[in-house]
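Trainee: In my numbering, the protein residues as written are 1 to 190.
No lab work stands behind these hints, which were simulated from the structure alone.
Remember, predicted model here, so these are calculated numbers, not experimental data.
A couple of the hints might just be wrong.
If you anchor each label on the Cβ, the simulated ranges turn out as follows [to be verified]:
no.	residue 1	residue 2	range
1	Glu118	Gly182	46 to 56 Å
2	Thr124	Ala163	14 to 24 Å
3	Arg14	Arg112	43 to 53 Å
4	Pro85	Gly61	22 to 32 Å
5	Leu123	Ser15	37 to 47 Å
6	Ala128	Ile65	23 to 33 Å
7	Glu47	Ala129	17 to 27 Å
The beta-carbon is built from N, C-alpha and C at its ideal position, and this holds for glycine as well.
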Amino acid sequence: MVSLPGMQHNDPSRSVGKIELFLGFLKIGLLGFGGVGPWVRHVIVEERRWLTDQEFAEILGAGQILPGPNTTNAAVFVGDRFQGPLGVLACLLGMMAMPLVIVTSLAVVYDRVASIPEVNAGLTGAAAAAAGLVLGTALKMIRNIRPGPVAWLVIAVGFAAVAVLGWPLVPVVIVLVLVAIGLAMLRRPA
Numbered sequence: 001m002v003s004l005p006g007m008q009h010n011d012p013s014r015s016v017g018k019i020e021l022f023l024g025f026l027k028i029g030l031l032g033f034g035g036v037g038p039w040v041r042h043v044i045v046e047e048r049r050w051l052t053d054q055e056f057a058e059i060l061g062a063g064q065i066l067p068g069p070n071t072t073n074a075a076v077f078v079g080d081r082f083q084g085p086l087g088v089l090a091c092l093l094g095m096m097a098m099p100l101v102i103v104t105s106l107a108v109v110y111d112r113v114a115s116i117p118e119v120n121a122g123l124t125g126a127a128a129a130a131a132g133l134v135l136g137t138a139l140k141m142i143r144n145i146r147p148g149p150v151a152w153l154v155i156a157v158g159f160a161a162v163a164v165l166g167w168p169l170v171p172v173v174i175v176l177v178l179v180a181i182g183l184a185m186l187r188r189p190a
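Whole structure, please, built from the sequences with the hints as guidance.
Mentor: Written as structure tokens, this is what we have:
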């Protein structure tokens, strides 16, 4: 598995058991309607204190440039960090168990109520709430990490490229990561 800076595999100083990992990610999967990212941070950083904001930001950054959903990548990193391959399995099973049951059940129900206007209005409201959760999580992360002027520039350029210009997220993130690394290297004392 890949290790991130500051995160050691199976660090005994902060042990989290397989059942704890499963239950934590079960909660994440159960509550993560419309966007599981905010719940991942809430459970892992704020509620259970398995990781610091900095460690979570590193995982999220790595998840952005790796293939697959960010939250799946986060589950892999967290599971591996605390319990190795069995921890990865516990996190992934926990995160996917309830959504699988719920989505399958809702698909059956939705087939019967899809033409009702109130149902469509409710889904539109849920989508708006999910967007608000994502924005709120981003603001919490920025506040806790306290980016410097260069980081603010990278944040602004990334936001403009994706939200305003409509460029695809993954290439923008890759380019901005490379730019941030280059800027950090230029600022490092010789």
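Trainee: The structure should be examined with respect to each hint, and the outcome stated for every one.
Mentor: Each hint, compared with the structure:
1. Take Glu118 and Gly182: their Cβ atoms lie about 52 Å apart, and the range 46 to 56 Å holds.
2. Taken as a hint, the range 14 to 24 Å holds for the pair Thr124 and Ala163, whose Cβ atoms sit roughly 20 Å apart.
3. Range check, Arg14 to Arg112: about 47 Å between beta-carbon atoms, so the 43 to 53 Å window is met.
4. Against the hinted window of 22 to 32 Å, the Cβ-Cβ separation of Pro85 and Gly61 comes to about 23 Å, which satisfies the hint.
5. Roughly 41 Å separates the CB atoms of Leu123 and Ser15, a value that falls within the hinted 37 to 47 Å.
6. Remark: the range hint 23 to 33 Å for Ala128 to Ile65 is upheld by a beta-carbon distance near 29 Å.
7. In this structure the hint that Glu47 and Ala129 lie 17 to 27 Å apart at CB holds, the actual value being about 20 Å.
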